[in-house]
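Number of protein chains: 2
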Amino acid sequence: MKEIQGGITAPQGFKAAGVHCGIKRNKPDLALIYSEIPATSWGMFTTNKVKAAPVQVSIKKIRSRRAQAILANSGNANACTGEKGIQDAQKMARLAAQELGIKEEMVLVASTGYIGKPLPMLQIGAGIKQAKPLLSSKKSEEAAKAILTTDRVIKEIAVETDIPRRGKGKVKIGGIAKGAGMISPSLATMLCFITTDACITEDALEEAIRLAVNKSFNQISIDGDMSTNDTVYIMANGLARNKRIKTWRKKKKLRVKDENFDYFCQALDFVCISLAKLIVRDGEGATRFMEVKVKGAAFPKDARRIAKAVANSTLLKTAMAATHSNWGRVMAGLGVGRVMAALGAAHAKIDPNKVDIYFDEILAVKGGIGVGIDLVEKRLREVLKEDEIRITIQLNQGSCQTTFWGCDLTEQYVKINKRYV
Amino acid sequence: MKEIQGGITAPQGFKAAGVHCGIKRNKPDLALIYSEIPATSWGMFTTNKVKAAPVQVSIKKIRSRRAQAILANSGNANACTGEKGIQDAQKMARLAAQELGIKEEMVLVASTGYIGKPLPMLQIGAGIKQAKPLLSSKKSEEAAKAILTTDRVIKEIAVETDIPRRGKGKVKIGGIAKGAGMISPSLATMLCFITTDACITEDALEEAIRLAVNKSFNQISIDGDMSTNDTVYIMANGLARNKRIKTWRKKKKLRVKDENFDYFCQALDFVCISLAKLIVRDGEGATRFMEVKVKGAAFPKDARRIAKAVANSTLLKTAMAATHSNWGRVMAGLGVGRVMAALGAAHAKIDPNKVDIYFDEILAVKGGIGVGIDLVEKRLREVLKEDEIRITIQLNQGSCQTTFWGCDLTEQYVKINKRYV
Numbered sequence: 001m002k003e004i005q006g007g008i009t010a011p012q013g014f015k016a017a018g019v020h021c022g023i024k025r026n027k028p029d030l031a032l033i034y035s036e037i038p039a040t041s042w043g044m045f046t047t048n049k050v051k052a053a054p055v056q057v058s059i060k061k062i063r064s065r066r067a068q069a070i071l072a073n074s075g076n077a078n079a080c081t082g083e084k085g086i087q088d089a090q091k092m093a094r095l096a097a098q099e100l101g102i103k104e105e106m107v108l109v110a111s112t113g114y115i116g117k118p119l120p121m122l123q124i125g126a127g128i129k130q131a132k133p134l135l136s137s138k139k140s141e142e143a144a145k146a147i148l149t150t151d152r153v154i155k156e157i158a159v160e161t162d163i164p165r166r167g168k169g170k171v172k173i174g175g176i177a178k179g180a181g182m183i184s185p186s187l188a189t190m191l192c193f194i195t196t197d198a199c200i201t202e203d204a205l206e207e208a209i210r211l212a213v214n215k216s217f218n219q220i221s222i223d224g225d226m227s228t229n230d231t232v233y234i235m236a237n238g239l240a241r242n243k244r245i246k247t248w249r250k251k252k253k254l255r256v257k258d259e260n261f262d263y264f265c266q267a268l269d270f271v272c273i274s275l276a277k278l279i280v281r282d283g284e285g286a287t288r289f290m291e292v293k294v295k296g297a298a299f300p301k302d303a304r305r306i307a308k309a310v311a312n313s314t315l316l317k318t319a320m321a322a323t324h325s326n327w328g329r330v331m332a333g334l335g336v337g338r339v340m341a342a343l344g345a346a347h348a349k350i351d352p353n354k355v356d357i358y359f360d361e362i363l364a365v366k367g368g369i370g371v372g373i374d375l376v377e378k379r380l381r382e383v384l385k386e387d388e389i390r391i392t393i394q395l396n397q398g399s400c401q402t403t404f405w406g407c408d409l410t411e412q413y414v415k416i417n418k419r420y421v
Numbered sequence: 001m002k003e004i005q006g007g008i009t010a011p012q013g014f015k016a017a018g019v020h021c022g023i024k025r026n027k028p029d030l031a032l033i034y035s036e037i038p039a040t041s042w043g044m045f046t047t048n049k050v051k052a053a054p055v056q057v058s059i060k061k062i063r064s065r066r067a068q069a070i071l072a073n074s075g076n077a078n079a080c081t082g083e084k085g086i087q088d089a090q091k092m093a094r095l096a097a098q099e100l101g102i103k104e105e106m107v108l109v110a111s112t113g114y115i116g117k118p119l120p121m122l123q124i125g126a127g128i129k130q131a132k133p134l135l136s137s138k139k140s141e142e143a144a145k146a147i148l149t150t151d152r153v154i155k156e157i158a159v160e161t162d163i164p165r166r167g168k169g170k171v172k173i174g175g176i177a178k179g180a181g182m183i184s185p186s187l188a189t190m191l192c193f194i195t196t197d198a199c200i201t202e203d204a205l206e207e208a209i210r211l212a213v214n215k216s217f218n219q220i221s222i223d224g225d226m227s228t229n230d231t232v233y234i235m236a237n238g239l240a241r242n243k244r245i246k247t248w249r250k251k252k253k254l255r256v257k258d259e260n261f262d263y264f265c266q267a268l269d270f271v272c273i274s275l276a277k278l279i280v281r282d283g284e285g286a287t288r289f290m291e292v293k294v295k296g297a298a299f300p301k302d303a304r305r306i307a308k309a310v311a312n313s314t315l316l317k318t319a320m321a322a323t324h325s326n327w328g329r330v331m332a333g334l335g336v337g338r339v340m341a342a343l344g345a346a347h348a349k350i351d352p353n354k355v356d357i358y359f360d361e362i363l364a365v366k367g368g369i370g371v372g373i374d375l376v377e378k379r380l381r382e383v384l385k386e387d388e389i390r391i392t393i394q395l396n397q398g399s400c401q402t403t404f405w406g407c408d409l410t411e412q413y414v415k416i417n418k419r420y421v
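Chain order of the listed sequences is A and B. For the first sequence, this note's numbering gives the first residue as 1, with consecutive numbering after it. For the second sequence, this note's numbering gives the first residue as 1, with consecutive numbering after it.
Quick caveat, the hints were computed from the structure, so don't treat them as lab data. Check the hints yourself; a few may be wrong.
Stated by the list, open to error - SDA-like cross-link-like pairs, simulated, lysine to any residue; straight-line CA separation at most 20 Å:
#: 1; chain 1: B; residue 1: 84; chain 2: A; residue 2: 378
#: 2; chain 1: B; residue 1: 60; chain 2: A; residue 2: 353
#: 3; chain 1: A; residue 1: 415; chain 2: B; residue 2: 329
#: 4; chain 1: B; residue 1: 415; chain 2: A; residue 2: 323
#: 5; chain 1: A; residue 1: 366; chain 2: B; residue 2: 87
#: 6; chain 1: A; residue 1: 349; chain 2: B; residue 2: 47
#: 7; chain 1: A; residue 1: 301; chain 2: B; residue 2: 347
#: 8; chain 1: A; residue 1: 84; chain 2: B; residue 2: 356
#: 9; chain 1: B; residue 1: 366; chain 2: A; residue 2: 83
#: 10; chain 1: A; residue 1: 84; chain 2: B; residue 2: 372
#: 11; chain 1: A; residue 1: 84; chain 2: B; residue 2: 368
#: 12; chain 1: B; residue 1: 378; chain 2: A; residue 2: 353
#: 13; chain 1: B; residue 1: 415; chain 2: A; residue 2: 412
#: 14; chain 1: A; residue 1: 354; chain 2: B; residue 2: 83
#: 15; chain 1: B; residue 1: 24; chain 2: A; residue 2: 374
#: 16; chain 1: A; residue 1: 354; chain 2: B; residue 2: 86
#: 17; chain 1: B; residue 1: 415; chain 2: A; residue 2: 386
#: 18; chain 1: A; residue 1: 84; chain 2: B; residue 2: 349
#: 19; chain 1: A; residue 1: 415; chain 2: B; residue 2: 412
#: 20; chain 1: B; residue 1: 84; chain 2: A; residue 2: 371
#: 21; chain 1: B; residue 1: 84; chain 2: A; residue 2: 368
#: 22; chain 1: B; residue 1: 349; chain 2: A; residue 2: 47
#: 23; chain 1: B; residue 1: 84; chain 2: A; residue 2: 356
#: 24; chain 1: B; residue 1: 366; chain 2: A; residue 2: 356
#: 25; chain 1: A; residue 1: 366; chain 2: B; residue 2: 352
#: 26; chain 1: A; residue 1: 84; chain 2: B; residue 2: 367
#: 27; chain 1: A; residue 1: 366; chain 2: B; residue 2: 86
#: 28; chain 1: A; residue 1: 378; chain 2: B; residue 2: 356
#: 29; chain 1: A; residue 1: 378; chain 2: B; residue 2: 420
#: 30; chain 1: B; residue 1: 60; chain 2: A; residue 2: 325
#: 31; chain 1: A; residue 1: 415; chain 2: B; residue 2: 416
#: 32; chain 1: A; residue 1: 415; chain 2: B; residue 2: 366
What the hints assert, rightly or not - Listed next, the stretches of chain B that the computed footprint assigns to chain A, with coverage defined by at least 3 CB atoms under 8 Å from CB atoms of chain A:
#: 33; stretch: 39-50
#: 34; stretch: 74-82
#: 35; stretch: 245-251
#: 36; stretch: 359-372
#: 37; stretch: 400-414
Don't be surprised by glycine CBs; every beta carbon is placed ideally from N, CA and C.
Okay, chain A solo, but in the shape it has when bound (with noise of 0.2 Å):
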């Protein structure tokens, strides 16, 4: 597997396009997604229980695992607006797919932005009109541009990768998202398309995404804020000619026989992972990256409790914000309780007392116990980088282990989400 360029067009038979048409004030604000033939799809969407009205139109479509384009917009996310608003979601996929020459059903569609107001139907139907001549199989930049709300770079991924078992070489997956704020498990503020080439089974799509999703959207947090809007999409229009990739069930309970599955997920994984780690450095506000790496947890359930609690924390995400010159001191000084008591919060099974913490690689607490600011303050700040922590909570009781990603909470996080504008 290789990282390569082109993001979602990078996959064979793929266009795309992004365009300002009026939603916000001068920045592209519609991007439109095409594979030249149907593609196997499927999405995964927001657990919240105010969905929004596209998450509810593309629920419904995404039962019949065959979509050919994605129509997205951001700087309104039609959450929070009655009937009118799921007539909207229909009247989106209905207008791009009178543009493309494609049925209704084939369009998914995704919004982002702020909630409780009319989207401004006109302007998007004009957009559609200006996107379409505009799709391009160069243009992947310009669809993930057009998603972005407070993110402050684009994210977009690619990466070819071999499928040796009987097949004819390679597959490409690529990949863009938006997060910013409102990210938290399961699923948040966050659009992601995926596409690829790779030709394999309905069934086997849904269970490589649910496998990734789960191993990297669902492990990020930005501010624990869920949102109405969460999206995945991932099509694959198998024009890369590969033997079919496949699963299939055994009394129930899925059995994996193609080991080609094993190579596709590998790279779903990648591209799902690589994303959502550029969606937690992209936070608002962010200024560090912090990897919460559990181990040694009786259960996997424990595992993630700790860790989404600990990358959670109000107060250890404003420790991390401190200022360049004395942030290890203050890691030092308050991190180790910070974790301490979060995990303690995290209605997960322990034992406190076997509980070992490290600061990148040095140890902060043993058995439940500080071992010394001053000892790890000296320590830590030769390791230290400037923008990124790794903690490792091993609880020394059991083998399951987990890896969840989050950033630091700072006064620009509050500047941002304090603003109507």
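Go by the hints and put chain B onto chain A.
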């Protein structure tokens, strides 16, 4: 029932003192509370799995349901300090008992402050000797001051209430508390010490304080973090000589036959809710107070989950930090979406299409649909107080309700918590 002066020394037979013993640089850091005679007592503690040493020690002590003194220090939490910490907490109690000439078992201890540092026992020993002769029935305020950490103001209250039935008149209840950060249900870096001269059975006292804590300290949130040290103590020395307040059980279910119990609970609830609100108003960096009322839930736990999720939403708390000049607009523009997103994510059984939301008296969401920012903003501007908002969420799905209190999340909160001095 009426509010009176005197805090924890308002009830008969209680004395208090607060001194600076040297844990903190130059602020009072050691509080002593003493009852002339042994008192029926109870304690409630953090549900964090990581419990500070004083909590571990006092949990065992309180089983006797008797105490005569409370010794509490600020500046050092004596948490994550291992076996040495346990010994130190026990020694605190022993030293105070020796000085007061009472049994060691009769002294409850509590600590708050930095985690992971050993207690400076020499200073604490000297502090106890210093505090003893200062014990006075007029020094509630000194004790209240000595337990503060990043709090800006002392939190103190006292009430007097009639125990009308077959009693001999009035009973007094006093309380002091500290809060500031790491406040979240259930119980947070919160210390609360309550004294009363009521004559009350052990069972009735335990029941009354449990009920009161659930209505007050478990219904507030500053930052969603839960501390290792949270403690509520109540001591009832019976010096009011009222007819003993009782509860008793019939067939395992608690039946309160004694009407006086209700009068006592009413006063105790008032004390606890008042202190809880003072804690929220004095949250680290907080500039605005938020009351979240959830009505019409099908089950009590749904109401609680939603109220807690909304009051804890980082994004809503940040919106509440908007500058004075445009905070009506921010709440109208962002509040609707953030409340809806938070309540949808609350793991409660709700139908979003039935939800109405009011900001103060202004209808902002009707049947899950935003009524429009312009309308809301105009009316909000007329009624909105500068430092307070009441959010009422009518679920229209049942008859259960609850109230939760929180505050905004400001740049100042971040500033306070990214420092280590």
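Outcome of the hint check:
no.	hint	result
1	B/84 to A/378	violated (24 Å)
2	B/60 to A/353	holds (18 Å)
3	A/415 to B/329	holds (15 Å)
4	B/415 to A/323	holds (10 Å)
5	A/366 to B/87	holds (19 Å)
6	A/349 to B/47	holds (12 Å)
7	A/301 to B/347	holds (17 Å)
8	A/84 to B/356	holds (18 Å)
9	B/366 to A/83	holds (13 Å)
10	A/84 to B/372	holds (13 Å)
11	A/84 to B/368	holds (12 Å)
12	B/378 to A/353	violated (56 Å)
13	B/415 to A/412	holds (11 Å)
14	A/354 to B/83	holds (13 Å)
15	B/24 to A/374	holds (18 Å)
16	A/354 to B/86	holds (16 Å)
17	B/415 to A/386	holds (19 Å)
18	A/84 to B/349	violated (24 Å)
19	A/415 to B/412	holds (11 Å)
20	B/84 to A/371	holds (13 Å)
21	B/84 to A/368	holds (12 Å)
22	B/349 to A/47	holds (13 Å)
23	B/84 to A/356	holds (18 Å)
24	B/366 to A/356	violated (50 Å)
25	A/366 to B/352	violated (47 Å)
26	A/84 to B/367	holds (13 Å)
27	A/366 to B/86	holds (16 Å)
28	A/378 to B/356	violated (55 Å)
29	A/378 to B/420	holds (15 Å)
30	B/60 to A/325	violated (44 Å)
31	A/415 to B/416	holds (16 Å)
32	A/415 to B/366	violated (29 Å)
33	39-50	holds (count 4)
34	74-82	holds (count 5)
35	245-251	violated (count 0)
36	359-372	holds (count 6)
37	400-414	holds (count 5)
Comparing the model with each numbered hint stated earlier shows that hints 1, 12, 18, 24, 25, 28, 30, 32, 35 do not hold.
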